[in-house]
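*Asks:* If you read the protein sequences in the order shown, they are chains A and B.
Take the first sequence: its letter number 203 is residue 203 in my numbering, and every next letter is one higher.
Take the second sequence: its letter number 144 is residue 144 in my numbering, and every next letter is one higher.
Source of the hints: derived by calculation from the structure; they are not laboratory data.
Glycine included, C-beta positions come from ideal geometry on N, C-alpha and C.
Treat the hints loosely; a few may be bogus.
To be verified - Example chain B residues on the side facing chain A (calculated, C-beta under 8 angstroms, incomplete):
(1) E124
(2) G128
(3) P135
(4) S138
(5) W150
(6) R182
(7) F186
(8) A222
(9) G223
(10) P225
(11) Q283
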Amino acid sequence: MPPAASAPAAALLCGEVRTHLLPVHQALDIRTAAQFLGLRADERVLLSERPNLYARSPDTLTGVDCPLPTADGARTRAVGTVAARAALTEGRVLQSSAHVTLPAAGPDRRRPWGEYLVRPGVAEPVGKLPPDAVADGVLGGGRPGDLDLGAIADGLLTRLLRHPLIDHRPPLRSRPTRLRWAALPAAPDEEPSLEFTLAEDHLRTVRLRVPEGTPAAEVAGLCDDLALHDWLLTTVVRLFDGIRPDTPAVLAALRPAVDHLLHLWMPRARVTGDLAPLWDELETRPGFTRQWETLVRRIRDQLALHAIPSPHREAELTP
Amino acid sequence: MTGAVFRETAADPRTQAVPLSHLSLEIGHLYLEDFEAGPAQLRRHFAQVRPWAEAARATAAAGPDGRRPRISTCFLVDDYFTRFSSPAELVPMLLAEADRAGLVIDYLARESSCAVTGGTPVAEAVAGRIVESPPPGSYGPRPPAAETGWLANGERSPVARAPQAMQRAAAWQPPAETAARRHSVFLDAELWSEDPGGRRLWSCPFLAAVWQLARLGLLRAAGEPVLVPRAHTGGPFPDDWDDLPALIRLNPRADPFAAYRTCSVLPSRFLPVEHAVRVILDQTEVDRAALDQVADRSARERTPVPASVADRISYVFYAGP
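Pulled out of the complex, with its shape left as it was, chain B reads as follows:
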């Protein structure tokens, strides 16, 4: 028997897999105001996080075969909305305060890398993957998802037109959450705003949703992984945030950055942001090949992963500012 094989690589795209832990544990998210409050604030934060981090580890450890779960920790520093301090000043302080509380930061990420990483417009790509949840009665024609920069978990209240003279104003209609259980908890999240020059400023919840997808190993650009950790070479940290890798591995023995599930330990003021993150993730179609890779690997490890991406993330909100 003879056989000829003809193949075109551009007609047969491949998607690269990423290494995966069981759990990605976020032990902090630093903004300018936290930094301005001084090291004492960081110390309080890590002291609060410590018991919850241990609880998250203990829960993950109860796996089916009793093997040691792979858990990596990460920390996110805002360099997108405001620029403050420098890696040279901040990172050693951060590491010292975490260490004092008995915590290890395996990976450090810069928030701006959730907007653009190495020339890849990550946030824009994720925004292009939003598939809005259709309210009952949606039969096809719909405006392109999220053209307005807002995303809701249901149907908005109809806009009352400016009432003309002598015309009675239309009665108010409530918004409706599509997945409501009897009563609605309606949420409408702003994904971005635009400056007068038309440049998009991504919102904190939207970048946090991108951050969750990165931690779940579900981000790809043309089949290549996005936000790949770079090892810290050991020297001093740079003076400019732009000189620090988007995602840096601080602990050489760390488990893989991406994981089947995520848990974030955050102060309770983050609750509205993280509710918006869930609403966004619930309406984002992630890379199908990446999704299948995670499903295959987790099935082989007998670590079931929830089908819905939004169900793979969890939180601990501790009391405090």
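Okay, chain A solo, but in the shape it has when bound:
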């Protein structure tokens, strides 16, 4: 049977994204980005210049044969491959993400390895998959030895940050964020839905219901986009931490945001048809773009205030 035809319907898609400021002084241009993300000698880096500069590495696979995390502690073994890729937005924000498609059921024993490799990014359960328990397990984090998508995303990030193009001179302070997601197929009469949770320690979780048959790569694309914009909000909010508005330190703290971050806001830049409406929900509540616009105004106001010499301060300086 041809491999394309034998691909089973997904009962659960899940993934994890790391979002990181690329630690370089100068943002990479599109050609350098292609060089940076060339994980494979024989496969192109995907490059796109509209509506913003975006480069994405080819997928790399990691073989797994381990228990899946489950909320109720039930043991379900899965065998197959996890797909991981890295993306760079405007040569400045690096994301590494890992995702896997889990079918509803698999054979009772492990097959020859070559049969898994012709269906990249799919891990088959040995026996039946409890999709809801595994979705909860993935979002909540598993026990040691359970499938660890975050470790796979981390491994790719570590590999990329060793690249000679990286000078480890970031222009501003920031912390990486982690976003875990799990997508279950929506029932035929059910609308796609999304539940975004800010957890502690820079962890975010996203639980989705997506139209049946939605490819994992599309959901991963949506979650990369959510992670990117959540990271931008988190990073810019933190820039205001601990600075007094009436001191020149404001300039030093906020100027890099103008140079490196403010032009990156572009929700849904590469989110495809069926999933795009899910973003709209987040725009209504909590209002990602509303918060961003407020932050941008605040930064501009601060910079404008400091550009005008304060008569009050002049009076103070005059003896």
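On the provided structure of chain A, position chain B as indicated by the hints.
*Replies:* Chain B only, in chain A's frame:
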């Protein structure tokens, strides 16, 4: 209704397809020692191959619709590990000896082209596609595939640390084949070695695995086919191997070089090498678009192809050195 279409070619990569036969039949693999043994050795080889080549043809002919199967033959000459003779001397002799046994060599390839072809680092690209078979318990964090230059079909025996004085040495633990049926046949293959300057010398099994992928039409570089046959223009063959195309079509009426399946007729001394080839192919993720193209075409021709790439290759090992 109005519609606007915006497209970026760099954001929408294409993969070129290659023509495909039903079977790629390899009728020999020539090394220096075979050449040094003289034309009589080649004559014996082709005489041994002949009946098996016919058997392979007969098996392929039993297709579903009774149509003539497309079969191409190929021959590989080593110019990578040792350089010997010249195309001008060797190729006419090879063709004459094959002809004497009633065999036709459709395509001739140089082994070095499995390492690098026209500036494309083919072997390095394939090495970057190795996805090691995970032993049970592999949950994610793993060292990048094949960083050591070795690839096994299971878990290696744990390395015993140098025992300190007075400390009892750790008990030996056996290696384990991941797909073992009760007992293991463990194989650990060296993919490359490095010279003091850090230059990689690819191993014979690794280049043979690349050769199999080329014959299966599954090699691409940035979407372009690798090892595309060039027609022989009819003149004399060059004096230097580098002047001979990487893959040359000697028979103008030959069926396509690449095929759904391969069969190689080789002397039995190649058995360990070819076992390693299977272990490598079983852990190589080939170009997905190329794989889909083969799947689509074979489905349309009602010629089922095994899902696993390693299952698409077969061998006949004849007795002899």
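*Asks:* Against each hint, give a clear statement of whether it holds in the structure.
*Replies:* Now the hints, each set against the structure:
1. Interface restraint check: B/E124 against chain A, minimum CB-CB distance 5 angstroms, threshold 8 angstroms, status holds.
2. Among the interface hints, the one on B/G128 holds; its C-beta lies about 5 angstroms from the nearest C-beta in chain A, closer than the 8 angstroms criterion.
3. The interface hint given for B/P135 is met, as the beta carbon of that residue sits about 7 angstroms from the closest beta carbon of chain A, less than 8 angstroms.
4. Interface restraint check: B/S138 against chain A, minimum CB-CB distance 5 angstroms, threshold 8 angstroms, status holds.
5. Because the beta carbon of B/W150 sits about 16 angstroms from the nearest beta carbon in chain A, more than 8 angstroms, this interface hint is broken.
6. For B/R182, the interface hint is violated, since its Cβ never comes within 8 angstroms of a Cβ in chain A; the closest pair sits about 13 angstroms apart.
7. With its C-beta approaching chain A no nearer than about 15 angstroms, B/F186 sits outside the 8 angstroms limit, and its interface hint is violated.
8. Against a cut-off of 8 angstroms between C-beta atoms, the interface hint on B/A222 holds, since the closest Cβ of chain A lies about 5 angstroms away.
9. Proximity of B/G223 to chain A holds as hinted, the smallest CB-CB distance being about 7 angstroms (cut-off 8 angstroms).
10. The criterion of a C-beta within 8 angstroms of any C-beta in chain A is not met by B/P225, whose closest approach is roughly 11 angstroms, and the hint is violated.
11. Below 8 angstroms, beta-carbon pairs count as interface contacts, and B/Q283 has one with chain A at about 6 angstroms; its hint therefore holds.
Hint compliance for this structure: hints 5, 6, 7 and 10 are not met, and every other hint is.
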